[in-house]
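Participant: What follows is each chain in one-letter form.
There are 2 protein chains.
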Amino acid sequence: MEKAVAPWKQLLLTALESNSSTTKNSAAFIQLATLGPDGRPANRTVVFRGFQEMTEKIQINTDCRSRKIDDLKHCPYAEICWYFTESWEQFRINGRVDVIDGSCSDLMKLQQREKAWFASSLRSRLQYLGPHPGLPSLTEQDPPPSIIDAGGGPVDSFCQLVLEPDKVDYLNLKIGKRVHFTSEVTINGDKHWTSDNINP
Amino acid sequence: MEKAVAPWKQLLLTALESNSSTTKNSAAFIQLATLGPDGRPANRTVVFRGFQEMTEKIQINTDCRSRKIDDLKHCPYAEICWYFTESWEQFRINGRVDVIDGSCSDLMKLQQREKAWFASSLRSRLQYLGPHPGLPSLTEQDPPPSIIDAGGGPVDSFCQLVLEPDKVDYLNLKIGKRVHFTSEVTINGDKHWTSDNINP
Numbered sequence: 410m411e412k413a414v415a416p417w418k419q420l421l422l423t424a425l426e427s428n429s430s431t432t433k434n435s436a437a438f439i440q441l442a443t444l445g446p447d448g449r450p451a452n453r454t455v456v457f458r459g460f461q462e463m464t465e466k467i468q469i470n471t472d473c474r475s476r477k478i479d480d481l482k483h484c485p486y487a488e489i490c491w492y493f494t495e496s497w498e499q500f501r502i503n504g505r506v507d508v509i510d511g512s513c514s515d516l517m518k519l520q521q522r523e524k525a526w527f528a529s530s531l532r533s534r535l536q537y538l539g540p541h542p543g544l545p546s547l548t549e550q551d552p553p554p555s556i557i558d559a560g561g562g563p564v565d566s567f568c569q570l571v572l573e574p575d576k577v578d579y580l581n582l583k584i585g586k587r588v589h590f591t592s593e594v595t596i597n598g599d600k601h602w603t604s605d606n607i608n609p
Numbered sequence: 410m411e412k413a414v415a416p417w418k419q420l421l422l423t424a425l426e427s428n429s430s431t432t433k434n435s436a437a438f439i440q441l442a443t444l445g446p447d448g449r450p451a452n453r454t455v456v457f458r459g460f461q462e463m464t465e466k467i468q469i470n471t472d473c474r475s476r477k478i479d480d481l482k483h484c485p486y487a488e489i490c491w492y493f494t495e496s497w498e499q500f501r502i503n504g505r506v507d508v509i510d511g512s513c514s515d516l517m518k519l520q521q522r523e524k525a526w527f528a529s530s531l532r533s534r535l536q537y538l539g540p541h542p543g544l545p546s547l548t549e550q551d552p553p554p555s556i557i558d559a560g561g562g563p564v565d566s567f568c569q570l571v572l573e574p575d576k577v578d579y580l581n582l583k584i585g586k587r588v589h590f591t592s593e594v595t596i597n598g599d600k601h602w603t604s605d606n607i608n609p
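Keeping their order, the protein sequence lines are chains A and B. The first sequence begins at 410 in my numbering and counts up one residue at a time. The second sequence begins at 410 in my numbering and counts up one residue at a time.
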């Protein structure tokens, strides 16, 4: 049986389509908020790498050594803020994030990670061979490698984040409309979305 | 004695200047992450309303009835993520937020709030007279007023947020540079910033 598409997903795909001319493809840039181990919110720009096939799960690539991994191990919940400058639409997508690195024991997830690796440009892949992000920049450190084996699988520092949305707040500033989507999991494990029009 | 300007502030002013042609002035749009009472991060787009005069404090206008006010009363720390699409620069600005509404007992702060009110367009001010943000949208509710007394002071629902930065993470993707700025308050109450080059 085909699963129903989450009602907000079509809105998001339409927004992506209508904002595709945005400068330097910045429509795929999203802000990911997490909670740091110090109890303070943290927030940074990441790149939307598509939905996991046939699902509403959002894929992001990152470096295992980045601070957000510590954040997510401490608190797995995150909120994406996605603002489209052309169409004046905002999606706030809240959910739990699955952190998939090379030590993951789930073969399906490891395959998804590998797929994400090969879907990245060679230039993107090279970043994972660079020095430890966030550590002091040493002038005497070796320059990062400038070539990478195109056929080689994901390196240890490559990590896939998969956010499974459970709440989505949609705002359209042009028409003054705001919709809150919430999900519930039924007894037989199906996810069911409901929506409410709320005041902007 | 003139206080030293925070070293990241000049970088930010330069970024604002060099991104000023960005579509629909979206260079002033920033993402503000807070922590919800449910323990999950929350994230939304807000508008940068300038620095508080002669300081490095960041001003934002909001509605007292919005969810972020509950968040900030529960946890006053927030992180702004500010990405400039033209210059490929990102500022992550972490600090404590002061929530200034009409019930504030500090006269200086109330004056700043009033100033922020009059600096807003009449159209922006009208929003604060609309129905309670986030509550169900009722089809039978009265339409919001369409005119406002230009000389009238701030309405009850108008709130000023003032974020006092204590950590700033600057990233320049064009030149692969990242700088972490941290502040310390000295014994005589002066704020002192230090910076470290870190790996992007």
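Be a bit skeptical, because a hint or two may be false.
Counterexamples of contact, computed for chain A against chain B with all Cβ distances above 12 Å [what the hints assert, rightly or not]:
| hint | residue |
| --- | --- |
| 1 | 447 |
| 2 | 460 |
| 3 | 473 |
| 4 | 489 |
| 5 | 495 |
| 6 | 527 |
| 7 | 580 |
| 8 | 594 |
| 9 | 609 |
When the alpha-carbon atoms are kept at most 16 Å apart in a straight line, the in silico EDC-like pairs for lysine to aspartate or glutamate are as follows [claimed, not checked]:
| hint | chain 1 | residue 1 | chain 2 | residue 2 |
| --- | --- | --- | --- | --- |
| 10 | B | 518 | B | 507 |
| 11 | A | 586 | A | 605 |
| 12 | B | 576 | A | 447 |
| 13 | A | 418 | A | 462 |
| 14 | A | 576 | B | 447 |
| 15 | A | 482 | A | 472 |
Restraint-style ranges between C-beta atoms, simulated for each label pair [said to hold, decoys possible]:
| hint | chain 1 | residue 1 | chain 2 | residue 2 | range |
| --- | --- | --- | --- | --- | --- |
| 16 | A | 514 | B | 426 | 33 to 43 Å |
| 17 | B | 419 | A | 513 | 42 to 52 Å |
| 18 | B | 422 | A | 520 | 18 to 28 Å |
| 19 | A | 464 | B | 419 | 42 to 52 Å |
| 20 | B | 551 | A | 456 | 52 to 62 Å |
| 21 | A | 482 | B | 464 | 29 to 39 Å |
| 22 | B | 564 | A | 446 | 36 to 46 Å |
| 23 | B | 497 | A | 531 | 50 to 60 Å |
| 24 | B | 531 | A | 599 | 42 to 52 Å |
| 25 | B | 505 | A | 561 | 44 to 54 Å |
| 26 | A | 533 | B | 426 | 27 to 37 Å |
| 27 | B | 414 | A | 558 | 39 to 49 Å |
Calculated directly from the structure, the hints in this document are not laboratory data. We treat Cβ as the ideally placed atom computed from N, Cα and C, and that holds for glycine.
Participant: Confirm or reject each hint.
Facilitator: Comparing the hints with the structure gives:
1. Not every beta carbon of chain B lies more than 12 Å from that of residue 447 of chain A, the smallest distance being close to 9 Å; the non-interface claim is violated.
2. Separation of residue 460 of chain A from chain B is adequate, the least Cβ-Cβ distance of about 19 Å exceeding the 12 Å criterion.
3. Distance check for residue 473 of chain A against chain B: the nearest CB is about 14 Å away, which clears 12 Å, and the non-interface claim stands.
4. Distance check on residue 489 of chain A: its Cβ comes as close as 7 Å (rounded) to a Cβ of chain B, failing to clear the 12 Å threshold; non-interface status is violated.
5. The claim that residue 495 of chain A lies off the interface is violated: its Cβ sits roughly 7 Å from the closest Cβ of chain B, which falls inside the 12 Å cut-off.
6. The Cβ of residue 527 of chain A lies farther than 12 Å from every Cβ of chain B, with a closest approach of about 23 Å, so its non-interface assignment holds.
7. For residue 580 of chain A, the requirement that its beta carbon stay farther than 12 Å from each beta carbon of chain B is not met, with the minimum near 9 Å.
8. The Cβ of residue 594 of chain A lies farther than 12 Å from every Cβ of chain B, with a closest approach of about 17 Å, so its non-interface assignment holds.
9. With a cut of 12 Å on Cβ distances, residue 609 of chain A falls inside the contact zone with chain B, its closest approach being about 6 Å.
10. Distance check on the hinted pair: residue 518 of chain B and residue 507 of chain B sit about 10 Å apart at the alpha-carbon level, within 16 Å; holds.
11. Taken as a hint, the residue 586 of chain A and residue 605 of chain A pair is honoured in the structure, with Cα atoms around 11 Å apart against an allowance of 16 Å.
12. At most 16 Å may separate the alpha-carbon atoms for a hinted pair to count; residue 576 of chain B and residue 447 of chain A meet this at roughly 13 Å.
13. Our distance criterion of 16 Å between C-alpha atoms is met by residue 418 of chain A and residue 462 of chain A, whose separation comes to about 13 Å.
14. At roughly 13 Å between alpha-carbon atoms, residue 576 of chain A and residue 447 of chain B fall within 16 Å of each other, so this suggested pair holds.
15. At most 16 Å may separate the alpha-carbon atoms for a hinted pair to count; residue 482 of chain A and residue 472 of chain A meet this at roughly 14 Å.
16. For the pair residue 514 of chain A and residue 426 of chain B, the supplied restraint of 33 to 43 Å is violated, since their beta-carbon distance comes to about 51 Å.
17. In this structure the hint that residue 419 of chain B and residue 513 of chain A lie 42 to 52 Å apart at CB holds, the actual value being about 44 Å.
18. Between residue 422 of chain B and residue 520 of chain A the Cβ separation comes to about 47 Å, which falls outside the hinted range of 18 to 28 Å.
19. Our hint of 42 to 52 Å for residue 464 of chain A and residue 419 of chain B holds, since their Cβ atoms are close to 45 Å apart.
20. A hinted range of 52 to 62 Å is violated for the C-beta pair residue 551 of chain B and residue 456 of chain A, which are about 44 Å apart.
21. Between residue 482 of chain A and residue 464 of chain B, the C-beta spacing of about 36 Å keeps the proposed range 29 to 39 Å intact.
22. The hint said 36 to 46 Å for the Cβ distance between residue 564 of chain B and residue 446 of chain A, and at roughly 40 Å that hint holds.
23. The given range of 50 to 60 Å is broken by residue 497 of chain B and residue 531 of chain A, whose C-beta atoms sit roughly 20 Å from each other.
24. Roughly 49 Å separates the CB atoms of residue 531 of chain B and residue 599 of chain A, a value that falls within the hinted 42 to 52 Å.
25. Between residue 505 of chain B and residue 561 of chain A the beta carbons are some 46 Å apart, a value that agrees with the proposed interval 44 to 54 Å.
26. Between residue 533 of chain A and residue 426 of chain B, the C-beta spacing of about 30 Å keeps the proposed range 27 to 37 Å intact.
27. A hinted range of 39 to 49 Å holds for the C-beta pair residue 414 of chain B and residue 558 of chain A, which are about 47 Å apart.
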